[in-house]
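Peer 1: With chain A held as given, fit chain B onto it using these hints.
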Amino acid sequence: MKPEDLFKAIGAADDELLERSQKRKAPSKKCLELGALAACVCIVAAVAVITVKMGTSEYVNPETEETAQTSQTEQLKETGQTLPSGIGTTPQPIETSTAVSSCEASTESSDIIDPTVGSDTAPPEGEISPPKETPSPAYYDDSFVDFYVEDPKVGMPMTYDEVMNMLLSPSPGQHELDSFYLIETVRLLSPSECADVEGIYEFYGSRHSETTEAGSDITPAAYMEDDTIYEVILKKDLITGEETNERCYMLVRHMGNMDEQKKGDPLFAPGELFCAPVDYKEDGEDFRKTAGDFMLRFDVKMSQDGIYTAYFRGDEWDADALPFGENVDYTVITSTTQNPAHYTKAVTLDELTEFLIKDWSERR
Amino acid sequence: MDDEKIIELYYARSEQAISESEAKYGAYCCKVAFNILDNREDSEECVNETWFRSWNAIPPKRPSRLAAFFARITRNLALDRLDGVMAAKRGGGEYIAALDELSECTASNSGAEDEFSRKTLEEDINRFLKTVAARECDIFLSRYFYLETIAEIARRYGLKKSNVTVILSRVRKKLREFLIKEGYVV
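Protein sequence lines correspond, in order, to chains A and B. The opening residue of the first sequence carries number 492 in our numbering; numbering runs sequentially from there. The opening residue of the second sequence carries number 636 in our numbering; numbering runs sequentially from there.
This is chain B alone, in the form it adopts within the complex:
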């Protein structure tokens, strides 16, 4: 079923919307959650919660890209869940590795959260991503939004793993320079 029809089902408050979403995007969302949580049960619960959240969000929302809409909800739910999971010292998957990599861009952990609004940072990151070459941006998001492994990205893009590593390293470097320029990192 195409996305437009699925959205119409949400608007019509038909429960078929959830089953169709599950059928089309269940595995995809499960992968997004699993990359963060590294646990099948937790991932499945996240995905179920995704349909519930979507049910409440549509309407009034009318997502133009359903896959990205579901992925974002799943990712946020998985990150919330990860707080509890981390406390129990399990899971983490690619998330920990991604944080290690991104720490290159942030310089320090000093309480900078008070110095900027999250919303502005999000907008600036989006602005940055649009300045990066399409392929670099795609690889960056595959890694740091979807938390795909280097191997998965390499396979999908037809690159060597070392090439992917280098591309990511170069984009992180550019991001760090951008964040310094914008005053986020000193």
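Looking at chain A on its own, in the form it has when it is part of the complex:
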């Protein structure tokens, strides 16, 4: 039997099933608004509790504060966004990590806050300490709640095996996996810049040619849906250990389109580190892309004990499905957008690398 036979046979599906499949509509705005409102109430309550617990131990770094604020404003201007009310009036410090040649560094500050406990004391030995971040301002716009109507926490979790099968046995037409990289963000490209990256329209274009031909007013950001393009430096191939320092455009899959990410799934600020599997660049494309959606993408931060640690954003995948690291519960500000990310898994970069080297060599 050929796939064509199967395809034709599917064409004889019952009218009732066909009609039902087309009747499904996205969740209504009203539901989303109610969900977002409920989320806001919870967050405000949580922040209030944390603030009370923290007392006056808030961490402020005037140098980074100014840099981050300028950067944020520029990013928003560039992408035609306006600052939500309350944002920009109270700048928050943002970690602007620079290049790392080693995955370890010394602890440099004692006034660090664990947002979950409101304490700057080191965690018990053997446990991963929280990232060096400051608590969230009272701002949270849960604009990507619609992605989680089935399960507000994890949606439809994939297993680690499913992800690895997807990465290591790409379907026809999919890019081939290169390696697992430590990546430093240089900047976020604006929608108009994204459109100019060679190969982008070809990458998305054939599926959306009808829309573009019609000359609609869809912005490149919406056009690319849940993908965002950064200029980045691929600092290190963590599998081979090679210091690559390759500067390139990188397509990173977040949740929601670029506009939604500014409010929901935090974007990476300039200088922030993350690690992810990366595909090979294809002919005619001037960009690379992170592989496996966001399922093996980790924010990399220096933890309180000075170790570079990979943190997993818990809303994106079921942390229990990751066969390494330890479960944590940290809510932190990660980017210029000042909205929180919730980390549910943490593993030192060295441990993660060690695991992947062994696991990938066995699977390959």
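The hints are simulated quantities; they were obtained by calculation from the structure and are not laboratory data. Mixed in with the good hints there might be a few duds.
Said to hold, decoys possible - Listed next, the in silico DSS-like pairs over lysine-lysine satisfying Cα-Cα at most 30 Å (straight line):
| no. | chain 1 | residue 1 | chain 2 | residue 2 |
| --- | --- | --- | --- | --- |
| 1 | B | Lys765 | A | Lys499 |
| 2 | B | Lys666 | A | Lys514 |
| 3 | A | Lys514 | B | Lys765 |
| 4 | A | Lys726 | B | Lys765 |
| 5 | A | Lys726 | B | Lys809 |
| 6 | B | Lys696 | B | Lys640 |
| 7 | B | Lys808 | A | Lys499 |
| 8 | A | Lys514 | B | Lys754 |
| 9 | B | Lys659 | A | Lys726 |
| 10 | B | Lys666 | B | Lys809 |
| 11 | B | Lys809 | A | Lys493 |
Predicted model, so just to flag it, every value in this text is computed and none were measured.
Peer 2: Just chain B now, with coordinates in the frame of chain A:
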């Protein structure tokens, strides 16, 4: 105009039946054809042909669900047209991607067509679809009947694209197991 009235117009041999069909389902059928052909002109011709075929089919047929009836005709016409289009190496749209995905379920291209009747396969596929959870079935048909993109499906169902990909992958796996059990795939 509701479907029942449109069907009455066909039965009355009123040409208004075609204009009403076009007004209500023209864009919908055009999308079905476009997803297969990836070409606007060819898609429009397919849709025009759909009204002609429907004119000849109703009566005696009295479709209970007009949208699905038109979609099926359009889909078949678009697939027929695609043979010529493929020879000229243009078009294909989501069709090629869908075939790649479905090849997971069929194991090989060995001349199995002689070993089963198409009619039986169609019935078995329908039987399979009724065993799958409603949402999985809907997503499967959105992809492999209507050839909607993963992004379109994700948007409509309020899911992440990766969720849609996983759901499709799991249904394909179930379908493959079903086809093996039924003796279609060895």
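Peer 1: Now tell me, hint by hint, if it's right for this structure.
Peer 2: A quick look at each hint next to the structure:
1. Among the hinted pairs, B/Lys765 with A/Lys499 is consistent with the structure: their alpha-carbon atoms are about 18 Å apart, no more than 30 Å.
2. Straight-line distance between C-alpha atoms of B/Lys666 and A/Lys514 comes to about 15 Å, which keeps the hinted pair within the 30 Å bound.
3. For the given pair, A/Lys514 sits about 17 Å from B/Lys765 by alpha-carbon distance, which is consistent with the 30 Å threshold.
4. This hinted pair does not check out: A/Lys726 and B/Lys765 have alpha carbons roughly 50 Å apart, beyond 30 Å.
5. With a CA separation close to 41 Å, the supplied pair A/Lys726 and B/Lys809 exceeds the 30 Å bound.
6. Under the criterion of a C-alpha separation no larger than 30 Å, the hint pairing B/Lys696 with B/Lys640 is consistent with the structure, at around 15 Å.
7. Proximity of B/Lys808 to A/Lys499 is assessed by CA-CA distance (about 18 Å); at most 30 Å being required, the pair is judged to hold.
8. Distance check on the hinted pair: A/Lys514 and B/Lys754 sit about 27 Å apart at the alpha-carbon level, within 30 Å; holds.
9. Taking the CA atoms of B/Lys659 and A/Lys726, the gap is near 55 Å; set against the 30 Å cutoff, the hint is violated.
10. Taken as a hint, the B/Lys666 and B/Lys809 pair is honoured in the structure, with Cα atoms around 28 Å apart against an allowance of 30 Å.
11. Straight-line distance between C-alpha atoms of B/Lys809 and A/Lys493 comes to about 17 Å, which keeps the hinted pair within the 30 Å bound.
Of the numbered hints listed earlier, those contradicted by the structure are 4, 5 and 9.
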